[in-house]
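S.K.: What follows is the residue order along each chain.
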Amino acid sequence: MAADICIPIKDFGKDKQINIVIEYPNSEKNDVFKLEVFSCKDGAENKKKAEDVVFNKLKFQIDNYDRNWEVVQVSPPQGEENNIVVLFRKR
Amino acid sequence: MIRTENLAKVFRADEVETVALKDVNIAIEEGEFVAIMGPSGCGKTTLLNILGLLDNASSGSYWFKGKDVARLSDYQRTALRKGKIGFVFQSFNLIDELSVYENIELPLVYMKMKASERRKRVNSALERLKITHRRNIFPRQLSGGQQQRVAIARAVVTNPDLILADEPTGNLDSINGAEVMNLLTELNSDGTTIVMVTHSASDADKANRIIQLFDGHVLTENFRKAI
Ligand SMILES: Nc1ncnc2c1ncn2[C@@H]1O[C@H](COP(=O)(O)OP(=O)(O)OP(=O)(O)O)[C@@H](O)[C@H]1O
Ligand SMILES: [Mg+2]
Chain A
1 MAADICIPIK DFGKDKQINI VIEYPNSEKN DVFKLEVFSC KDGAENKKKA EDVVFNKLKF
61 QIDNYDRNWE VVQVSPPQGE ENNIVVLFRK R
Chain B
92 MIRTENLAKV FRADEVETVA LKDVNIAIEE GEFVAIMGPS GCGKTTLLNI LGLLDNASSG
152 SYWFKGKDVA RLSDYQRTAL RKGKIGFVFQ SFNLIDELSV YENIELPLVY MKMKASERRK
212 RVNSALERLK ITHRRNIFPR QLSGGQQQRV AIARAVVTNP DLILADEPTG NLDSINGAEV
272 MNLLTELNSD GTTIVMVTHS ASDADKANRI IQLFDGHVLT ENFRKAI
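Chains as they are written, first to last, in my numbering: chain A, 1 to 91; chain B, 92 to 318.
Derived by calculation from the structure, the hints in this document are not laboratory data. Some clues are possibly wrong.
Stated by the list, open to error - Non-contacting residues of chain A with respect to chain B, defined by C-beta distances greater than 10 Å in every case (computed):
(1) D4
(2) G13
(3) I20
(4) Y24
(5) P25
(6) S27
(7) E28
(8) K41
(9) E81
Stated by the list, open to error - With the Cβ distance kept under 8 Å, some of the chain B side facing chain A (calculated, not the full set):
(10) A104
(11) L197
(12) F305
(13) T311
As the list claims (entries may be wrong) - Simulated crosslink set (DSS-like; lysine-lysine; CA at most 25 Å straight-line):
(14) B:K211 to A:K29
(15) A:K59 to B:K173
(16) B:K316 to A:K34
Even for Gly, the Cβ is constructed at its ideal location relative to N, Cα and C.
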């Protein structure tokens, strides 16, 4: 049975990447996850527009990301920089 | 079964406009199990409500089983979803005053089905969900996991083509949550199309496709396995 667990991660911020490898005792195949922060600063005044800027910046970065990684989870934007934490899994 | 084109939803309340969905283009085939994920407030429930004909889009197109349903009246939407779409919610939404049996029977009563046919259908749903022994008790006498089982029985009793589930394991511990996921997976193997909103990556893993929403837009779509 697969389950979600919470793991505390120290000192994780912009420009940092974290790899998480899950080893299964009876399997050769590991699951490899990666956490990465994307800065999606909007800079636009109009709220409606600003949200689209954040989305478009995030989408652009993810669409141009290494195809061997797929998106598992996306955080809401955080802080002034609109930092968005994305969890990827290796395909 | 489902196709949307540039679907958008704008909520207007006290001068405040919230764009909950924008440019949503999705297609869901019969027999698929699709998970919808994304940060809180990104429009997941809004999308599920529109797909389930509980609400209308503000603009764009929506075809359900080939029929253009984007601009139907409340009455037309109710008539169309009756018996065709089953709903499962995070908070179960059972009626406290009704027994397990009566809760499951309710959608059939709304469909004005004959009593004998209703009895047959409810009994088979009770059996399918293995809750026949609980038929005469009331929701408050059940654990969360058991209540969700009843809610799923209520969703399947009409033999719907489509089940929409909004965080069905959100209020459950991991064991009951896993059991609900097994039930949904089983229903899907029996041919029911399922669209499920979830915050749990492992629940989403049960789906054959995962759609990530962000700020009301579709961010990514991952095909995990063939149906
Ligand atoms: N009836 C409504 N009136 C006004 N605004 C609404 C209404 N329903 C939803 N919204 C707004 O639309 C946006 C999307 O809401 P929605 O409930 O679809 O999000 P969600 O992705 O389901 O979030 P959660 O994960 O917290 O359930 C939010 O900004 C919300 O405040
Ligand atoms: Mg919601």
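S.K.: The structure should be examined with respect to each hint, and the outcome stated for every one.
M.R.: Taking the hints in turn, this is what the structure says about them:
The Cβ of D4 (chain A) sits about 5 Å from the closest Cβ of chain B, inside the 10 Å cut-off, so the non-interface label is violated. Look at G13 (chain A): its CB is around 19 Å from the nearest CB on chain B, clear of 10 Å, so calling it non-interface holds up. Non-interface status of I20 (chain A) relative to chain B is upheld: no Cβ of that chain comes within 10 Å, the nearest being about 12 Å off. Against the 10 Å criterion, Y24 (chain A) stays outside the reach of chain B, whose nearest CB is about 14 Å from its own CB.
With a minimum CB-CB distance of about 18 Å to chain B, P25 (chain A) clears the 10 Å threshold, and the non-interface call stands. For S27 (chain A), the requirement that its beta carbon stay farther than 10 Å from each beta carbon of chain B is met, with the minimum near 16 Å. For E28 (chain A), the shortest C-beta to C-beta distance to chain B comes to about 19 Å, beyond the 10 Å cut-off, and the non-interface label holds. With a closest Cβ-Cβ approach of about 15 Å to chain B, K41 (chain A) is found to remain outside the 10 Å limit, as its non-interface label requires.
Residue placement check: E81 (chain A) keeps its beta carbon more than 10 Å from all beta carbons of chain B (closest about 16 Å). The interface hint given for A104 (chain B) is broken, as the beta carbon of that residue sits about 15 Å from the closest beta carbon of chain A, more than 8 Å. With a cut of 8 Å, the hint placing L197 (chain B) at the interface with chain A is violated, because the nearest CB-to-CB distance is about 32 Å. For the restraint placing F305 (chain B) at the interface with chain A, the shortest Cβ-Cβ distance is roughly 6 Å, inside the 8 Å limit, so the hint holds.
Interface hint at T311 (chain B): satisfied, since its Cβ lies 5 Å from the closest Cβ of chain A, which is below the 8 Å cut-off. Between K211 (chain B) and K29 (chain A) the alpha-carbon distance is near 47 Å, which puts this suggested pair outside the 25 Å criterion. Annotation: proposed proximity of K59 (chain A) to K173 (chain B) is violated, straight-line Cα distance about 37 Å (limit 25 Å). Among the hinted pairs, K316 (chain B) with K34 (chain A) is consistent with the structure: their alpha-carbon atoms are about 21 Å apart, no more than 25 Å.
Figure legend: structure checked against the earlier numbered hints; hints not met, in rising order: 1, 10, 11, 14 and 15.
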